[in-house]
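S.K.: Here is how the chains run, residue by residue.
2 protein chains.
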Amino acid sequence: MKTVAAAEGIEETTLCSRIADGSAVIMQRETTAIGIGRGLRTKINVNIGTSTGKINMNEELRKARIAEEFGADTISDLSMGGEINAIRDAILACTTLPITTVPVYQTVVEKGMRMMTADDILATMRMQARQGISSFVVHCVSPAMLAEFRKKKRILGVVSKGGSITSAFMLLNDCGNPFIEHFDEVLAICREHDIVLSLGNTARSGCINDPRDRAQVEELRQNAALGHLAHDAGVQVIIEGAGGHIRLDRISPYIRHYKRKANFPLFVAGPLPTDIAAGFDHIAGCVGASVASAAGADYLCYITPAEHLGLPSPEAVKEGLVAFRIAAHIGDTVKYKDGSDQQDRTVAHLRAELDREGQIRCALDPARARQLSDGEKECTMCGEFCAIRIMREF
Amino acid sequence: MKTVAAAEGIEETTLCSRIADGSAVIMQRETTAIGIGRGLRTKINVNIGTSTGKINMNEELRKARIAEEFGADTISDLSMGGEINAIRDAILACTTLPITTVPVYQTVVEKGMRMMTADDILATMRMQARQGISSFVVHCVSPAMLAEFRKKKRILGVVSKGGSITSAFMLLNDCGNPFIEHFDEVLAICREHDIVLSLGNTARSGCINDPRDRAQVEELRQNAALGHLAHDAGVQVIIEGAGGHIRLDRISPYIRHYKRKANFPLFVAGPLPTDIAAGFDHIAGCVGASVASAAGADYLCYITPAEHLGLPSPEAVKEGLVAFRIAAHIGDTVKYKDGSDQQDRTVAHLRAELDREGQIRCALDPARARQLSDGEKECTMCGEFCAIRIMREF
Numbered sequence: 014m015k016t017v018a019a020a021e022g023i024e025e026t027t028l029c030s031r032i033a034d035g036s037a038v039i040m041q042r043e044t045t046a047i048g049i050g051r052g053l054r055t056k057i058n059v060n061i062g063t064s065t066g067k068i069n070m071n072e073e074l075r076k077a078r079i080a081e082e083f084g085a086d087t088i089s090d091l092s093m094g095g096e097i098n099a100i101r102d103a104i105l106a107c108t109t110l111p112i113t114t115v116p117v118y119q120t121v122v123e124k125g126m127r128m129m130t131a132d133d134i135l136a137t138m139r140m141q142a143r144q145g146i147s148s149f150v151v152h153c154v155s156p157a158m159l160a161e162f163r164k165k166k167r168i169l170g171v172v173s174k175g176g177s178i179t180s181a182f183m184l185l186n187d188c189g190n191p192f193i194e195h196f197d198e199v200l201a202i203c204r205e206h207d208i209v210l211s212l213g214n215t216a217r218s219g220c221i222n223d224p225r226d227r228a229q230v231e232e233l234r235q236n237a238a239l240g241h242l243a244h245d246a247g248v249q250v251i252i253e254g255a256g257g258h259i260r261l262d263r264i265s266p267y268i269r270h271y272k273r274k275a276n277f278p279l280f281v282a283g284p285l286p287t288d289i290a291a292g293f294d295h296i297a298g299c300v301g302a303s304v305a306s307a308a309g310a311d312y313l314c315y316i317t318p319a320e321h322l323g324l325p326s327p328e329a330v331k332e333g334l335v336a337f338r339i340a341a342h343i344g345d346t347v348k349y350k351d352g353s354d355q356q357d358r359t360v361a362h363l364r365a366e367l368d369r370e371g372q373i374r375c376a377l378d379p380a381r382a383r384q385l386s387d388g389e390k391e392c393t394m395c396g397e398f399c400a401i402r403i404m405r406e407f
Numbered sequence: 014m015k016t017v018a019a020a021e022g023i024e025e026t027t028l029c030s031r032i033a034d035g036s037a038v039i040m041q042r043e044t045t046a047i048g049i050g051r052g053l054r055t056k057i058n059v060n061i062g063t064s065t066g067k068i069n070m071n072e073e074l075r076k077a078r079i080a081e082e083f084g085a086d087t088i089s090d091l092s093m094g095g096e097i098n099a100i101r102d103a104i105l106a107c108t109t110l111p112i113t114t115v116p117v118y119q120t121v122v123e124k125g126m127r128m129m130t131a132d133d134i135l136a137t138m139r140m141q142a143r144q145g146i147s148s149f150v151v152h153c154v155s156p157a158m159l160a161e162f163r164k165k166k167r168i169l170g171v172v173s174k175g176g177s178i179t180s181a182f183m184l185l186n187d188c189g190n191p192f193i194e195h196f197d198e199v200l201a202i203c204r205e206h207d208i209v210l211s212l213g214n215t216a217r218s219g220c221i222n223d224p225r226d227r228a229q230v231e232e233l234r235q236n237a238a239l240g241h242l243a244h245d246a247g248v249q250v251i252i253e254g255a256g257g258h259i260r261l262d263r264i265s266p267y268i269r270h271y272k273r274k275a276n277f278p279l280f281v282a283g284p285l286p287t288d289i290a291a292g293f294d295h296i297a298g299c300v301g302a303s304v305a306s307a308a309g310a311d312y313l314c315y316i317t318p319a320e321h322l323g324l325p326s327p328e329a330v331k332e333g334l335v336a337f338r339i340a341a342h343i344g345d346t347v348k349y350k351d352g353s354d355q356q357d358r359t360v361a362h363l364r365a366e367l368d369r370e371g372q373i374r375c376a377l378d379p380a381r382a383r384q385l386s387d388g389e390k391e392c393t394m395c396g397e398f399c400a401i402r403i404m405r406e407f
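Chains as they are written, first to last, in our numbering: chain A, 14 to 407; chain B, 14 to 407.
The hints are simulated quantities; they were obtained by calculation from the structure and are not laboratory data.
There may be inaccurate statements among the hints.
Note: identical chains are not told apart, hence a pair may lie in one copy or across any two.
[Stated by the list, open to error] Derived pair list, reagent style DSS-like, types lysine-lysine, alpha-carbon separation capped at 27 Å:
id	residue 1	residue 2
1	K15	K348
2	K67	K124
3	K390	K164
4	K166	K348
5	K124	K348
6	K165	K350
7	K166	K350
8	K15	K67
9	K274	K15
10	K390	K348
11	K67	K274
12	K164	K274
13	K274	K166
14	K67	K390
15	K350	K15
16	K348	K164
17	K350	K164
Everything numeric in this text was worked out from a predicted model, so none of it was measured.
All chains should be modelled from the sequences, with the hints used to inform the complete structure.
M.R.: This is the structure we're talking about:
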């Protein structure tokens with residue numbers, strides 16, 4: 014609590030009261046504590062992990078190190094390929110950042126879609142909790158939501174991996190949602206290991222032409238209700254929503270709607286305000302995430318340039334992370350106005366003083382800034398006709 | 014007129030009446046005609062050209078070819094180093110896109126800041142017009158604006174190169190603005206060669222902590238008044254404004270204010286909603302430009318990753334251009350709603366059909382998309398646990 018209050022520059026009592034009312038959470042792991050929510054700097058999560066299509070542990074560890082070096086706040090290990098436990102142990106060993114998992118991923122890989130049971134999922138959660146995980150994502154797809162999806166009114170139906178696995182489990186077994194039906198047990202595991210419960214966003218749109226629908230409204234209603242149950246049971250809660258693909262002018266109203274309906278920290282994946290940016294989705298995502306965080310999103314899940322194309326390389330992870338650090342910062346300059354723009358003020362003064370070396374040193378990626386500066390002592394953009402230099406004489 | 018109306022999918026009579034009332038212009042060159050303004054797709058300008066600090070004609074020609082290949086609408090040749098006329102001739106020869114210049118650049122290089130006269134500037138304009146230029150940018154800094162700048166209330170004063178050269182000329186010679194004082198002659202040159210007159214944005218802010226000030230208000234008032242004079246004289250006009258560095262929540266109100274005060278097409282540089290993104294200013298610029306075009310900006314001047322660091326490489330030009338194509342498209346999906354999102358709809362259907370090759374083919378940079386796709390036939394992101402594939406079974 015002290016660590017987070019100091020890092021955020023707020024009073025400990027203020028932070029305390031926000032954690033008490035559920036509007037902020039602290040995700041912690043050994044020596045690290047990250048505050049997420051009301052009045053706190055917008056945070057960024059980086060997804061890493063193997064898939065069944067690509068398994069390279071060393072690359073995943075490089076991604077984890079890049080995430081920490083370039084300023085991620087949390088990491089989600091979404092590994093579904095190879096020795097999942099060994100990979101996660103190695104990731105935990107190479108970073109101090111809190112790690113999130115989606116327990117149904119490992120369960121479905123190890124048990125198979127047709128064979129896994131609700132008990133298997135709970136067993137995975139207990140095992141991952143003992144490994145040292147800081148947060149779980151669970152997808153509380155309800156039968157009402159499933160019925161909406163099956164009407165196939167969307168161009169792209171369910172684009173959430175965890176949501177689709179959970180939906181398939183329910184449809185194959187003709188059963189209710191395993192997390193909702195065993196919610197007390199889920200809460201008990203979270204409480205025992207001080208794990209933050211993140212209520213997933215199965216119903217997010219997969220393209221900008223799939224606007225908000227009844228499934229999304231129902232998911233928000235249900236996640237808010239489950240969030241209150243969890244909070245009352247002493248479990249910290251994050252709600253995921255307003256992510257996916259959303260036309261730019263709809264992002265702020267959606268975010269404000271979520272924040273009105275649920276007091277918990279809001280975790281947003283993207284959102285992407287266009288579908289045409291494959292190869293550059295980190296840039297389109299930065300646009301959506303800037304607007305989302307300015308409107309009140311507390312926690313951003315980054316998007317890499319490889320989104321929609323393949324598992325990201327370590328370089329793509331870096332590009333995505335930097336783009337989302339820019340988004341989080343832009344959001345904070347709007348959310349918190351004066352005080353959040355100290356870095357901007359510092360850079361502006363360095364520019365006014367023509368302190369080129371200072372600008373490079375405080376860049377988000379100093380090596381890249383140096384490379385783009387052509388290795389020249391003077392800026393080659395305007396050469397001797399630099400506006401700042403010219404106007405200095407008068 | 015026919016070409017533009019067809020390209021934009023609007024009636025020729027509608028386009029005609031917008032050109033007549035000044036809310037749209039056509040920038041043309043031989044076989045190319047680009048419509049900019051009310052009801053037309055948001056356009057993108059790419060700045061290229063040598064500086065006194067870096068002169069490499071072949072690189073500039075590569076940039077011109079990249080601009081055309083990756084979908085720029087216009088190019089500004091801002092060359093200030095080397096054989097400027099020869100470089101411009103070579104650029105004109107290697108692209109069909111309309112070319113804009115800032116005549117005071119070449120004049121100050123050839124004549125020197127202390128020696129150049131208003132007649133020299135007009136002579137440059139006549140010469141460039143004969144070369145085949147489609148648009149001129151002139152900075153109509155007024156004595157009232159100069160007086161505001163000299164109060165030094167801003168962290169960063171004038172950050173416009175053309176504006177600072179023009180201001181220095183006025184201060185050194187203790188004279189009025191050469192473009193305003195010879196406005197009739199400027200208009201005569203434009204009219205004779207069918208050149209679009211772009212009224213520059215000297216007063217734009219250089220950091221987000223320099224908010225709109227009296228110099229900006231005065232510049233808009235004056236550019237709107239000069240725009241009416243030009244329009245009445247049969248010269249097509251664009252107004253530059255609301256560019257530079259602007260906090261995210263201020264962008265839409267600024268743009269709407271400009272559009273209310275001046276009916277002419279609005280050309281915006283950036284804007285950048287943060288100062289901290291050196292090395293990634295194309296991404297921060299994409300955020301600002303998306304919001305600006307959604308709010309009504311008609312024409313965007315791109316920003317490259319090398320902004321604030323050095324003259325961009327051809328690769329940086331490509332990165333900047335693609336980021337601004339994304340911004341223009343995001344803006345259009347908001348400005349024009351249905352109909353402008355056809356590309357998004359196409360991509361969404363390709364995704365629903367798991368048509369990976371189709372998605373790569375219609376990417377903004379297919380080679381990059383292919384590289385990020387790992388050369389794999391199947392997407393390695395989710396491997397066998399693809400949400401779309403899983404849900405197809407139900």
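S.K.: Each hint needs a verdict: does it hold in this structure or not?
M.R.: To see whether the hints hold, each was checked on the structure:
{"no.": "1", "hint": "K15 / K348", "result": "within (23 Å within a copy, 47 Å between copies)"}
{"no.": "2", "hint": "K67 / K124", "result": "within (20 Å within a copy, 61 Å between copies)"}
{"no.": "3", "hint": "K390 / K164", "result": "neither (63 Å within a copy, 30 Å between copies)"}
{"no.": "4", "hint": "K166 / K348", "result": "between (35 Å within a copy, 25 Å between copies)"}
{"no.": "5", "hint": "K124 / K348", "result": "neither (45 Å within a copy, 49 Å between copies)"}
{"no.": "6", "hint": "K165 / K350", "result": "between (43 Å within a copy, 23 Å between copies)"}
{"no.": "7", "hint": "K166 / K350", "result": "between (41 Å within a copy, 20 Å between copies)"}
{"no.": "8", "hint": "K15 / K67", "result": "neither (41 Å within a copy, 52 Å between copies)"}
{"no.": "9", "hint": "K274 / K15", "result": "neither (30 Å within a copy, 51 Å between copies)"}
{"no.": "10", "hint": "K390 / K348", "result": "neither (37 Å within a copy, 43 Å between copies)"}
{"no.": "11", "hint": "K67 / K274", "result": "neither (39 Å within a copy, 56 Å between copies)"}
{"no.": "12", "hint": "K164 / K274", "result": "within (26 Å within a copy, 49 Å between copies)"}
{"no.": "13", "hint": "K274 / K166", "result": "within (25 Å within a copy, 44 Å between copies)"}
{"no.": "14", "hint": "K67 / K390", "result": "between (43 Å within a copy, 12 Å between copies)"}
{"no.": "15", "hint": "K350 / K15", "result": "within (24 Å within a copy, 48 Å between copies)"}
{"no.": "16", "hint": "K348 / K164", "result": "neither (39 Å within a copy, 31 Å between copies)"}
{"no.": "17", "hint": "K350 / K164", "result": "between (44 Å within a copy, 25 Å between copies)"}
Consistency note: the structure conflicts with the earlier hints numbered 3, 5, 8, 9, 10, 11 and 16.
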